[in-house]
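Peer 1: Using the sequences and the hints, build the whole thing.
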Amino acid sequence: MAMKIGTGEFNDRVGTGIKDSFMRGAVSSAQERFQSRRLSAAEELGNWEDWRSHGEEIRQHVLENLDYYLYQLSENVSKRGGHVFFAQTAEEASEYIKNVVEKKEAKKIVKSKSMVTEEINLNAALEEAGCDVIETDLGEYILQVDDHEPPSHIVVPALHKNRQQIRDVFKEKHGYDKSDEPEELALHAREKLRQEYLNADVGITGCNFAIAETGSVTLVTNEGNADLVMALPKTQITVMGMERLVPTFEEMEVLVSLLTRSAVGQKLTSYITTVTGPKEEGDVDGPEEFHLVVVDNGRSGILGGEFQSVLQCIRCAACVNACPVYRHVGGHSYGSIYSGPIGAVLSPLLGGYDDFKELPYASTLCGACTEACPVKIPLHELLHKHRQVIVEKEGRAPVSEKLLMKAYAFGASSPSLFKFATKIAPTVTSPFTDGDKITKGPGPLKAWTNIRDFPAPNKENFRDWFKNRPKGGAN
Amino acid sequence: MKVTLFATCMVDLFQGNVGKATVEVLERLGCEIDFPEAQTCCGQPAYNSGYVEETKAAMKKMIQAFEHAEYIVCPSGSCAYFFKEYPHVFKDDPVWKPKAQALADKTYEFTQFIVEVLKVKDVGARLNGKATYHTSCHMTRLLGVKEPPMELLKHVKGLEFTELPNKEQCCGFGGTFAVKMPDISEQMVDEKVEHVEETGAEYLVGADAACLMNIGGRINREGKNIKVMHIAEVLNSR
Chain A
9 MAMKIGTGEF NDRVGTGIKD SFMRGAVSSA QERFQSRRLS AAEELGNWED
59 WRSHGEEIRQ HVLENLDYYL YQLSENVSKR GGHVFFAQTA EEASEYIKNV
109 VEKKEAKKIV KSKSMVTEEI NLNAALEEAG CDVIETDLGE YILQVDDHEP
159 PSHIVVPALH KNRQQIRDVF KEKHGYDKSD EPEELALHAR EKLRQEYLNA
209 DVGITGCNFA IAETGSVTLV TNEGNADLVM ALPKTQITVM GMERLVPTFE
259 EMEVLVSLLT RSAVGQKLTS YITTVTGPKE EGDVDGPEEF HLVVVDNGRS
309 GILGGEFQSV LQCIRCAACV NACPVYRHVG GHSYGSIYSG PIGAVLSPLL
359 GGYDDFKELP YASTLCGACT EACPVKIPLH ELLHKHRQVI VEKEGRAPVS
409 EKLLMKAYAF GASSPSLFKF ATKIAPTVTS PFTDGDKITK GPGPLKAWTN
459 IRDFPAPNKE NFRDWFKNRP KGGAN
Chain B
478 MKVTLFATCM VDLFQGNVGK ATVEVLERLG CEIDFPEAQT CCGQPAYNSG
528 YVEETKAAMK KMIQAFEHAE YIVCPSGSCA YFFKEYPHVF KDDPVWKPKA
578 QALADKTYEF TQFIVEVLKV KDVGARLNGK ATYHTSCHMT RLLGVKEPPM
628 ELLKHVKGLE FTELPNKEQC CGFGGTFAVK MPDISEQMVD EKVEHVEETG
678 AEYLVGADAA CLMNIGGRIN REGKNIKVMH IAEVLNSR
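One line per chain: the protein sequences are A and B, in this order. Counting from 9, one number per residue, gives the positions in the first sequence under the numbering used here. Counting from 478, one number per residue, gives the positions in the second sequence under the numbering used here.
FYI, nobody ran anything at the bench for these hints, they're computed from the structure. Mixed in with the good hints, there may be bad ones.
Said to hold, decoys possible - Below, in silico cross-link-like pairs of lysine-lysine (PhoX-like), each with a Cα-Cα straight-line distance of 20 Å or less:
no., chain 1, residue 1, chain 2, residue 2
1, B, Lys-537, A, Lys-27
2, B, Lys-701, A, Lys-445
3, B, Lys-537, A, Lys-414
4, B, Lys-657, A, Lys-365
5, A, Lys-427, B, Lys-537
Peer 2: Take a look at the structure:
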């Protein structure tokens, strides 16, 4: 699965999303659960704003010195006997991993959850090479079993499914005959997956944070699946976006605290797994061979530009959980594996405006995303910045909109014309006016009046009233 | 105290009653109101749609129109916030940046001005009935004005206040969003109206005419028996 998911136009996908009442019920209740847990986990720290500032500072420092830390990371991984590969494109990354897998004559591969491997379309490349690839994160596993359905959320990939739907997937694909109790569903997946870990030749993971000073890789999970993916197969490959690193364990601790609290409202997740290179003498488990694949795929083009702050992201999805648009349309409407506000900023940057030009407009600029972000990415400002690029640099705005905006800008920059408009508005709009409201507006107003009334212009001109009113009359 | 009214284009064109209430409440509190005839619109509709350069001419006219003001008061959280954004828009312009900063520094949202500058919490208003309040995203998140409207409503005699569920959630207006993404906007405003109904309130109060035009427009279309009032109109009730 590449970054782009689904087919059809944005508006059609949104239409499908809006009609999916199961999905909307699942999404809105999950949003409320995550939001309230996040707020209480943040409040518990007492000085959440200081934590956010600290997180922002760490991420900005890393981005400003990314070359230095990537070099340090790469040196330290190599020193421990690991292999490092810098992939400029998605294809290069997938090709390298495919080669490693082929060299090992691997048949079975287990994976722990990773957005970047979705981004580079890794599973398709490995399946083409004849491998059996198994997702071990419960959510990802459910989607994989359900004919490789794409994720709809960056942390909780199967968020759009309720437990009855999950039971139905297991029933149809595995002949599962038990209840839709979460415990029973999880037990079924666990039984299926346990054997896969033991039989796997290669384990592939993503990376929450790489630690430059030690050459380590840290993964945060609640299911412990990353532990098994890292510990059991003889060969391990970790794939990371090139910005996903921190200088030392100290910064990792701050960011993990921000991540787990913001993502699911937990102080810590059940498992925080750190692996440093391949197994050494005396180690009881761990891989014999370790590869770190550092993926650029458009990220270096974002560095140093007006969108750099999006690279501060630690993929917690707090913005997704706070977004009122995501709430109603669900993740698949975005047409990208990265959905919600972060997806609406990131997808056009990594995947281009051709496929993702509508996403920056799928926001009321309400700022809920910016407020929720634990590393202070000004998400609503970046969405606005995209709109500016689309209009001013890319020239992609519709002609009708351009004309309307030009007319507006002209009117708003001419006080006499504007004043004239306040005078003539009631006359101009009278054909559409019904008492004190407009119920069937012309042109762009139609989209408004299709579902709601629009006020009729002031009958008594406000400026005239102001001038002619008896002073002090209100008393 | 001399107060310069930034009425907003919404009030100037469609919501004259909000403007009248704003003027009358402030006069009753002893302010002398001045209305610069050269004011137009803050520029948000075009700016937020990405037409930044196109909007700058209108913004400069607004800066000039309010140059003389001591205090600028605006009955809309979103428009007041946008005046505060001007210095950011002109950050690379050595001539207009300081002028924009001066404009931003003396701009207040209506309830913020009453509570923080005039230091008044009880304006002597009376309105009998049950009310709920829509917080408005730009006013609370971007301008950071949360408490003043609550303080003022608390002191309105006869008014029973009930909190709106999911009050921090956007109503789906978003300027041109409402017409660019009408299907999503519809879902958002419908959820908002549902929450308003859940409270059993007779009045929906807000401090931003644009959000109220959206929620109110839907309430009226659906024929719901809820009266939508700007907070200035509530504070002007006797």
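Peer 1: If a hint holds in the structure, say so; if it doesn't, say that too.
Peer 2: To see whether the hints hold, each was checked on the structure:
1. B/Lys-537 / A/Lys-27: At roughly 45 Å apart (the allowed maximum being 20 Å), A/Lys-27 and B/Lys-537 break the hint.
2. B/Lys-701 / A/Lys-445: holds (16 Å)
3. B/Lys-537 / A/Lys-414: With a Cα-Cα distance of about 16 Å, the restraint between B/Lys-537 and A/Lys-414 holds, given a limit of 20 Å.
4. B/Lys-657 / A/Lys-365: It holds: about 13 Å lies between the C-alpha atoms, which stays within 20 Å.
5. A/Lys-427 / B/Lys-537: holds (17 Å)
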